[in-house]
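A.B. asks: Letter by letter, the chains look like this.
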Amino acid sequence: SQELEQSPQSLIVQEGKNLTINCTSSKTLYGLYWYKQKYGEGLIFLMMLQKGGEEKSHEKITAKLDEKKQQSSLHITASQPSHAGIYLCGADHGANSKLTFGKGITLSVRP
Amino acid sequence: DGGITQSPKYLFRKEGQNVTLSCEQNLNHDAMYWYRQDPGQGLRLIYYSQIVNDFQKGDIAEGYSVSREKKESFPLTVTSAQKNPTAFYLCASSTIGGSINEQFFGPGTRLTVL
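Line by line, the protein sequences give chains A and B.
Heads up: the first sequence begins at 1 in our numbering, then just goes up one per residue.
Heads up: the second sequence begins at 1 in our numbering, then just goes up one per residue.
Because the hints were derived from the structure by calculation, they are not lab data.
Computed list of lysine-lysine pairs in DSS-like fashion (alpha-carbon distance at most 25 Å, straight line):
(1) B:K9 / A:K38
(2) B:K9 / A:K36
(3) A:K38 / A:K64
(4) A:K56 / A:K69
(5) A:K27 / B:K57
(6) A:K64 / A:K17
(7) A:K68 / A:K51
(8) A:K27 / A:K56
(9) A:K17 / A:K56
Let the sequences and hints guide you as you build the complete structure.
C.D. replies: Take a look at the structure:
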């Protein structure tokens with residue numbers, strides 16, 4: 001079974017629309033990391049959440065970690081073509097600095 | 001500028017040949033990691049190292065080998081024993097200990113077996 005589930009698998013939105021993607025863990029999260037990847041490139045760090053109920057924002061992207069520390073959501077406001085890419089969540093389950101990654105969510109933004 | 005470099009960007013190999021992927025970091029990070037990324041599979045951990053001259057197997061280590069002779073370098077060898085080596089390979093590094101384990105990623109190497 002997958003320890004970290006991301007949903008939806010893919011998403012197509014019209015430019016200017018808001019969207020939310022999710023990352024759900026089967027175990028308690030000691031830390032949750034959101035990354036963005038352009039196809040064929042490395043991962044770019046977006047945000048890290050650690051505390052239950054924590055919320056962080058950067059430009060038009062907001063990430064939240066639920067109180068039980070098993071689910072995180074990432075919300076994009078007024079999406080732009082520059083937001084297109086693959087969004088991956090990485091989970092720290094307390095396993096010796098290793099991160100477990102989800103399969104990623106492919107976001108397309110139509111102009 | 002501090003960062004992680006991987007070379008080459010693209011690599012082609014004939015079946016039965018070993019090939020080594022390079023990963024170098026100048027972030028003074030103790031830990032380094034190798035991941036494999038396939039379409040629809042996300043990132044899977046191959047090997048990781050937290051200290052020079054020591055490394056551990058990840059989830060899919062079969063058919064791969066690594067070395068960590070220097071803190072800055074963590075090369076990955078894809079051996080002929082790897083049944084399906086065509087994939088995108090990502091190297092990462094991080095500090096260890098503390099509460100934050102953000103991993104910094106290199107640009108990746110795309111390996112194609114002909």
